[in-house]
Amino acid sequence: MIYYAIEVMAPLLLAGLGGLFAELAGVLNIALEGMMLAGAFAAIVTASLTGSILAGMLGGLLAGLLLAYLFYFVGIRMRANIFIVGLAINLLAAGSIPFLSSAMYGTKGVLRLPNVPRMPGLFVGMETGFPLIDQIFFGHSFGVYLTVPAVLLAGLVLQRTPFGLRLRSTGKNPETLRSVGLNPDHYRRAALLISGMGAGLAGSLLALRLGVYLPNVSAGRGWIALVTIYLGYKRPVGVLIAALCFALAEGVSVAAQGVLQIPGTILLSLPYVLTVLAMIVYSAMRRVGPSDA
Amino acid sequence: MLERTIPADEIPPGMELRHITKRYPENDVLAVRDVSLKLRSGEIHALIGENGAGKSTLMKIAAGLLPSYDGEVCFKGAQVCRLVQQHPQFIPQHQVWENLFLGIEPRTRWGLLDQDAAVQSFSALAGRYALPVAPRMRAERLSAAQAQLAAILGALLHDPDILILDEPTAPCSDHETALVFGMMRSLRDNGRAVVLITHKLREVMEVSDRITVMRHGRVVKSLLTADTNPGELSALMIGEDCQRSESDRRFGFVRREFGTQSGSHESVPEPVARSGAPTPPTQPDSPTQPEPVFELRNINLVRRGRVLLERLELRLYPGEILGITGIRENGLEYIEDILSGSAEPNSGEVLIQGQRPSRYTPRVFRKLGLAYIPTDRLIRGASLSSSVEDNMILLERKRFGRAGLLNRRASASFSSALQQRFGITAVLGKPMHTLSGGNMQKVILSRELSQNSPVVVFSEPSWGLDFRSSERVHEEIQRLSADGVGIVLISSDIDEILSLADRIMVMYKGSFTRTLEGNDRVRDTIGELMLGLEVEQTSAAHEDSRQSTFTKEPRQ
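Protein chains in written order, with the numbering used here: chain A, 1 to 293; chain B, 1001 to 1556.
There could be a bad hint or two in this list.
[Unchecked claim] Cross-link-like lysine to any residue pairs, in silico, SDA-like; alpha carbons within 25 Å at most:
1) A:LYS234 with B:GLU1105
2) B:LYS1060 with A:PRO174
3) A:LYS172 with B:ARG1380
[As the list claims (entries may be wrong)] Which bits of chain B does chain A cover? Going by a derived footprint, with three or more residues having C-beta under 8 Å, they are:
4) 1090-1099
5) 1111-1123
Simulated from the structure, these hints should not be mistaken for laboratory data. Glycine residues also receive a C-beta, built at the ideal position from the N, C-alpha and C atoms.
Using the sequences plus the hints, can you model the full thing?
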């Protein structure tokens, strides 16, 4: 169960960290879901064409990047409404993938392509014998081991670089940036592209772990990733913790299916119920919390 | 339009503006008309004039912040010119240094943000100019005065050859003002050019070397500070065309202010004669004593464990102007909230015309007969994106409503009547934010006074207004008082309080220290009370002065 939760956490966290950059730059990237989906599809296609996991991940990343650039171009450059653009990109991904899939491979359903390698488990054979530690640290797929450096890197970039300071300033007050001769749009673009890469990579992990592309493989995880940003108080470590909580909820619900006499559909909705509860708790905490201290 | 040129050697160090003209196309205002000005190095140059005289626009052009204008800005080579604007815009959640080093961040060898270097160079600068600002404080925790000092330090980080300060002392107490002046002098002595945009003649006389007076976008006169006096400056600022009485009064004030400095002054004379005002109720037990229209009884306000207001008692009678003053952060902003119904006291009572409000909201207070002109015009006083007319009829929705729709013709005639009565220069259909500060205040006044409320609370009514606009507001206050309206005037401007108020209550650390009436209304006494000198002598004296406050108040 814990092993599964850690596996689930990785894509959630990568998407959440990407979304965090956009959020801090003052652009709510509600297209994370669509970007993840595109990343998943592109990852399977590239992996199949090249026979390489890394190339597959790169493909997913580029797909996310492409949609993010579209988001930037229409939403920031052309000043269209951000929410409409985000929704449009989600719909674009959801609509165009079945189309591409059927045009290229003749199916709109499960896409099982030849030549897709399996995601290798890392650090297999290093188990200590303590189940908890083993489940958390060893034998996970490659992508999981990207997450810790990703959290550290995000923290470093956001808090300790001039770029991060400017990006955060853009989100808080773009006029200040303009008044010192910087262009807020540059930082919004950078933030969106980073979020696209995070979401695309997250999608590629989802698909490559399974080795197939399933329709709607992201299953709302892009939206949950958005929630982790807020629950994590807009900090990388916070996003990590929030993503872990959701992943555990999903792990519990999957594990409980086999044990409890509760219908599976109800159990599987647990992470989503948790999302709603978490947002309620979050807003309640904001109200009494140290928001204006 | 000619762009900045790098001119020949004939120009002395500093900056020269030649034939600058600026028209704002949005509202077709000619803000600056053919102005030529030299800003010399090693000199403090004061730029004075009423609101809207074009000072700020001209200096924005000098600092390169306005791209389109006619004329030339000439300076030598790579000179740096920085303008510190009136309301510094900081990112509240970021620390001071993060705000100020944005765009000029020091980096470590690996390209990371070098916090320590930033904080150190900021502290060094703050030390050199003796401006106490903590670099790691979050900007939202800065007081307005500290924010101003921080903004000045932000400009100094660029080591400017020309530093322009737009009303730098507006949020400052005397102490901070002295610090700013010290900084200006030290810059001047280092051969920099300093420009001070201001309204305050006292400051001009104290700190500047040269003065340029602007009016209606033109330079009226440039002169040396040593060769002039406040009276002359005041005349130049207001112009010959304005009413004699107005300027006379103003001169009187200014002279008195300078009297203080030379030490020859003992007390401020009676306020200017007020036509038809009833005598203020100074004899508590006189049989004709009317009922108070507004009363505070033992008001206490505690927030987050801090006592903000303590044991406040206040009675306001019809036709009376009750002044409340004090130094910033001694409770003036909280008493404004209490008086207007914006905050609920933890204990105590508010009575408006003898009635207790059912809830503490401005709406209920209004219904009971209170009008309120807030300090914060932009947020509390007006809806900036709505039209002027919509702002005027806010309180009269019902009157102009018919079957849920607004009767536009009636509301238009109502608002244009108000416009005439208050002399508002504005297009009624244009949004509020296009108005100047003075006109905005008049719109708020016209709306609040259209209700003929028996109690009016003014808070800092002339804050940010030029002479003429604040004169108009003062006249309106006196007219209301003559009509028998009870007025509470909250103001940190001693001159305003002295010239208008019948009784003066001074706040110190959340309490009223003493009420001054009649001949007690002396600038020096008020100053001492504001600073808490009298209160802090002994705790016994503290109790005494408090007692006397209460016994002086008439009791029924």
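**OP:** Output the numbers, in ascending order, of every earlier hint that fails for this structure.
**Re:** Per hint list: zero violations.
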